[in-house]
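Enquirer: So you can see what is in the structure, the chains are spelled out below.
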Amino acid sequence: MRNASDTSTPLRRGSSAVQALRGAGSGRLGPFAAILVVVAVLATWPLLAGNPYMLSAGVIVLNFAVFATAWNLMGGLTGYVSLGHIAFFGLGSYGTGLLVIHSEINAFVAVMAAAVVVGLLSLLVGWAALRVRGASFVIVTIAIVLVMLLVFQSWRSVTGGSTGLVVPRPFPDLLRPEHHRVFFYIFLGLLLLVLVSYLVVDRSRFGQALKAIREDEDKAQSLGIPTAMLKLAAFGISCFLTAIAGGVYALWFGDLDPIFQFDVVLSAQIALMALLGGVRYLFGPLVGAIVVGSALEYFLLNFGETQFHLVATGLLLVAVVLFAPDGVLALAAQLIRRLGPSATSIREESAAEVRAQQDARALAERVEEPGADATTDREDRR
Amino acid sequence: MSDETGPVAEPPVDGDDVVLRLVDVQAGYGKAALVLRGFSVEVRRGEIVCLVGPNGAGKSTVLKVASGLLAVRSGSVWLNGEDATGAKPQDLLRRGLSHVLQGHSVFREMTVEENVMLGGYTVADRTALLDRVEFVKGVFPVVAERWSTTAGLLSGGQQKQVEFARALMVRPDVVLLDEPSMGLDPKRTAGMFEQVARLREAGVAVLLVEQNARRALEMSDIGCVLDLGRVFVRGPAQELLADPQLSDLYLGGRPAAS
Numbered sequence: 001m002r003n004a005s006d007t008s009t010p011l012r013r014g015s016s017a018v019q020a021l022r023g024a025g026s027g028r029l030g031p032f033a034a035i036l037v038v039v040a041v042l043a044t045w046p047l048l049a050g051n052p053y054m055l056s057a058g059v060i061v062l063n064f065a066v067f068a069t070a071w072n073l074m075g076g077l078t079g080y081v082s083l084g085h086i087a088f089f090g091l092g093s094y095g096t097g098l099l100v101i102h103s104e105i106n107a108f109v110a111v112m113a114a115a116v117v118v119g120l121l122s123l124l125v126g127w128a129a130l131r132v133r134g135a136s137f138v139i140v141t142i143a144i145v146l147v148m149l150l151v152f153q154s155w156r157s158v159t160g161g162s163t164g165l166v167v168p169r170p171f172p173d174l175l176r177p178e179h180h181r182v183f184f185y186i187f188l189g190l191l192l193l194v195l196v197s198y199l200v201v202d203r204s205r206f207g208q209a210l211k212a213i214r215e216d217e218d219k220a221q222s223l224g225i226p227t228a229m230l231k232l233a234a235f236g237i238s239c240f241l242t243a244i245a246g247g248v249y250a251l252w253f254g255d256l257d258p259i260f261q262f263d264v265v266l267s268a269q270i271a272l273m274a275l276l277g278g279v280r281y282l283f284g285p286l287v288g289a290i291v292v293g294s295a296l297e298y299f300l301l302n303f304g305e306t307q308f309h310l311v312a313t314g315l316l317l318v319a320v321v322l323f324a325p326d327g328v329l330a331l332a333a334q335l336i337r338r339l340g341p342s343a344t345s346i347r348e349e350s351a352a353e354v355r356a357q358q359d360a361r362a363l364a365e366r367v368e369e370p371g372a373d374a375t376t377d378r379e380d381r382r
Numbered sequence: 001m002s003d004e005t006g007p008v009a010e011p012p013v014d015g016d017d018v019v020l021r022l023v024d025v026q027a028g029y030g031k032a033a034l035v036l037r038g039f040s041v042e043v044r045r046g047e048i049v050c051l052v053g054p055n056g057a058g059k060s061t062v063l064k065v066a067s068g069l070l071a072v073r074s075g076s077v078w079l080n081g082e083d084a085t086g087a088k089p090q091d092l093l094r095r096g097l098s099h100v101l102q103g104h105s106v107f108r109e110m111t112v113e114e115n116v117m118l119g120g121y122t123v124a125d126r127t128a129l130l131d132r133v134e135f136v137k138g139v140f141p142v143v144a145e146r147w148s149t150t151a152g153l154l155s156g157g158q159q160k161q162v163e164f165a166r167a168l169m170v171r172p173d174v175v176l177l178d179e180p181s182m183g184l185d186p187k188r189t190a191g192m193f194e195q196v197a198r199l200r201e202a203g204v205a206v207l208l209v210e211q212n213a214r215r216a217l218e219m220s221d222i223g224c225v226l227d228l229g230r231v232f233v234r235g236p237a238q239e240l241l242a243d244p245q246l247s248d249l250y251l252g253g254r255p256a257a258s
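As given, the protein sequences belong to chains E and F, one line each in that order.
For the first sequence, my numbering begins at 1 and goes up steadily by one.
For the second sequence, my numbering begins at 1 and goes up steadily by one.
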């Protein structure tokens, strides 16, 4: 194949670092390697964490990271911002808890079983919710959480209501620090799973279509893309992964209360994490989860159970909107671009443009012949 | 096919090189008066048909009817000799009709490659798709040149070429172009018309709606002057251009010293 694209480098030069951030490098395996490196770095946390508290904080942050990355598969790729993903997280945790309590099956099989059921359920919910766009979609997703909260608080005979539901631990003989350590690695494995899932979707034809929906749904439809079906599929995958995170959380924490499992504020914080890190970036939600998650823990630790951590969350949101509207990673990418060779000045660009057009005309003269094909082999379109 | 559109669904009579045919179409929006009142047009393979006429004559409505975005009240639509009245846009796309919408319609945040590949979303056969990519790169050099560039960074004229290339990805028999010169400066407009001619050379039929009537007619084969939802006059584009009366009425006076 004639590689004409090589002449169009001015805009690409110096952007490889940016592409690495995006997780969309030109190499096919690059981003997968990046995931492995990131996961390997995170795996050192239990060695660095001085005490069980720091270890458990690590588990919480990883849980947020899994949740936010799963959220991003829908919110980031399609632009449909759901503030109701906690509903599927909560359903995953209650489903897992109830299965473990009432049946003999292995705890992790229970997680998967619950997640599959929740995933199917999310298709029903999504089928209704995805009929509306923009702000209406956001409101519908919030409503789902509130409905779930009411149901799980009132249905005491099954869920234990606000007294809570105690989930037996999968490893009863482990001491507390060991328990945290094991679950840290389980969540890390889960993070690996969601990052790879996101990357695979992001690079597929499916992912391209989702991004087209994000930019202009009507336009995407006019190209024959079955937008309704693809949105629903993305929503289902996202909710399935979210439910797995919820299920593992139930096994780790061991005590479920509807007010926390269906907490709208936490749901919004998850979205904030993704937005703060950068929804267009593979590692955006992870970065956001580390920043917001540690900030929340820090404020809880230093200011106790006051509402101060909520104020801090608000301030953080304001800072993001003001200084990094596209996320921390977008800001970083911008800085890298600024420090790199500046090849994209308008003047240079137009000089390159003129040259490209001259080349193009020469090229066009040579490839006029293929035009004849269109009339002769048009059968194979069908 | 649905027969509920009335009794006028008669099959095309003459040569099979007619790709798109609208027969006696009546159409409108909501309860308001009809926009098209018995409009007929035919577009042949390798031919550019240009619709001109004053604002509100129904030019864009013709394209909406042809691409299935708007249902006809009566009359019929034929694509490749088959009745396509009432067919859905997706269905028509598969049957060889591509519609390039008004205004800028590239996905600005995506690369040229991603834009073009999305055009071929409905093409399942991978090798056919790659063949097609090579083909559109040949027809529209900018697409090849800027393959990895974000589409939003291209100039308006270049974006139009990406749109045309995207429309060609489904190997259409007919392409509908709605105001392709919108938002382009005169120089880019001239370039754009060259690209439209390339579509014709690529063997597709083109149904074109343009404000820039004189320029559009100059490169078209057939001109079709629309007024009040009917064909006022139709004929070879050059003859229309030469008609002083038409010039005064619809083409903004005599050719300026351009």
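It is possible that part of the hints are untrue.
Said to hold, decoys possible - Listed below are several chain F residues computed to face chain E (Cβ distance under 7 Å; list not exhaustive):
hint	residue
1	Q90
2	D91
3	S105
4	F107
5	E109
6	G119
7	Y121
8	T122
9	L129
10	E145
11	L241
12	A242
These aren't lab readings, by the way, just hints derived from the structure by calculation.
We put the CB at the ideal spot given by N, CA and C, even for glycine.
Enquirer: Would you mind marking each hint as holding or not holding in the structure?
Expert: How the hints compare with the structure:
1. Q90: 5 Å, holds
2. D91: With a minimum Cβ separation of about 9 Å from chain E (threshold 7 Å), the hint on D91 (chain F) is violated.
3. S105: 6 Å, holds
4. F107: 5 Å, holds
5. E109: 6 Å, holds
6. G119: 6 Å, holds
7. Y121: 5 Å, holds
8. T122: This hint holds: T122 (chain F) lies near chain E, its Cβ roughly 4 Å from the closest one there, short of 7 Å.
9. L129: 10 Å, violated
10. E145: Holds: closest Cβ of chain E sits about 5 Å from E145 (chain F), inside 7 Å.
11. L241: Violated - the Cβ of L241 (chain F) stays beyond 7 Å from chain E, reaching only about 27 Å at its closest.
12. A242: 30 Å, violated
This entry does not satisfy hints 2, 9, 11 and 12, going by the numbered hints stated previously.
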